[in-house]
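Now for the letters of each chain:
2 protein chains.
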Amino acid sequence: MDKELIRKELKVSAIENGTVIDHIPSGSVFQVIKILNLEGYDDQIFLGTNLESHKYAKKGIIKVSNRFFRADEINKIALVAPTATLIVIKNFQVVEKKKVEIPDRIEKIVKCFNPNCITNNEAISTRFTVIDKNELKLRLLIKSLT
Amino acid sequence: MDKELIRKELKVSAIENGTVIDHIPSGSVFQVIKILNLEGYDDQIFLGTNLESHKYAKKGIIKVSNRFFRADEINKIALVAPTATLIVIKNFQVVEKKKVEIPDRIEKIVKCFNPNCITNNEAISTRFTVIDKNELKLRLLIKSLT
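As they're listed, the protein sequences go chains A and B. Heads up: the first sequence is residues 1 to 146, going by the working numbering. Heads up: the second sequence is residues 1 to 146, going by the working numbering.
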């Protein structure tokens, strides 16, 4: 590993305990913040966008102190950040590393494409079943108005 | 300056060229990102929230690479981050330091409190004149419907 690389990798500081979400597509970093409801989080968050990456063109990274996510919470970000990896940190050490997975059901964050759908016209949230995880095909669980 | 303090201050990494927005109230960091339209910015952004601060209880910081803001752009954040300081960095050196100032006019980012106001009912943006900068009193420049 050359010095330049080390310098770049150190650009977003370490956390003592918490979760690192790495390899987020750069354009999705602030969407991930929103989906995980971190805008009002009261402990430390460190974030970097458009960082150099070995695997991808550019990546974003989010480090959340003292926060550990349940699988169903974190998998919501798979739609905007399918490449994301989760790293659980305890006492500055990596204790777990995993990929996000597209969940079986998706609630609220996806809109129905049918403008007449009840979810676009009344205060009813969408609920989709994922019927194809590779091509990301979804089926709405609430009947539309038409 | 003790070692613990140095460690904390170094937590969000340096940028070579660009703007550092420091002393943002922690709860306003993501609002500042939105107001400055940085969600889709294609160069590096580093951000930290809930950092220790000498002056305030907790602070946020945003570092934007290769971006220099005009006064009228940056002063929009004064409403959510009146304590913010702007630091212009060139070649890793501080070349300018200033405070945000409440602008004379505020467009779009403030909603009219009158629910019948045309700006809340049609696709018309608000435009306020700031009539008192200390108590932040605003006057709408567009007549309301009532």
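No wet-lab data here; the hints were simulated from the structure. Careful, some of the hints might be misleading.
In this list, chains with the same sequence are indistinguishable; a pair is considered to hold if it fits within one copy or across any two.
Listed next, the in silico DSBU-like pairs over lysine-lysine satisfying Cα-Cα at most 30 Å (straight line) [said to hold, decoys possible]:
| hint | residue 1 | residue 2 |
| --- | --- | --- |
| 1 | Lys111 | Lys90 |
| 2 | Lys137 | Lys90 |
| 3 | Lys58 | Lys111 |
| 4 | Lys34 | Lys99 |
| 5 | Lys55 | Lys34 |
| 6 | Lys55 | Lys97 |
| 7 | Lys97 | Lys137 |
| 8 | Lys137 | Lys58 |
| 9 | Lys34 | Lys108 |
| 10 | Lys98 | Lys111 |
Outcome of the hint check:
1. Lys111 to Lys90: neither (37 Å within a copy, 43 Å between copies)
2. Lys137 to Lys90: neither (37 Å within a copy, 48 Å between copies)
3. Lys58 to Lys111: Within one copy, since 27 Å is at most 30 Å while 36 Å is not.
4. Lys34 to Lys99: both (19 Å within a copy, 29 Å between copies)
5. Lys55 to Lys34: The answer is both: 25 Å in one copy and 29 Å across copies each meet 30 Å.
6. Lys55 to Lys97: Within one copy only: 16 Å inside a chain, 38 Å across chains, cut-off 30 Å.
7. Lys97 to Lys137: within (27 Å within a copy, 51 Å between copies)
8. Lys137 to Lys58: within (27 Å within a copy, 44 Å between copies)
9. Lys34 to Lys108: both (12 Å within a copy, 22 Å between copies)
10. Lys98 to Lys111: within (28 Å within a copy, 43 Å between copies)
Consistency with the previously given hints fails for numbers 1, 2, ordered from lowest to highest.
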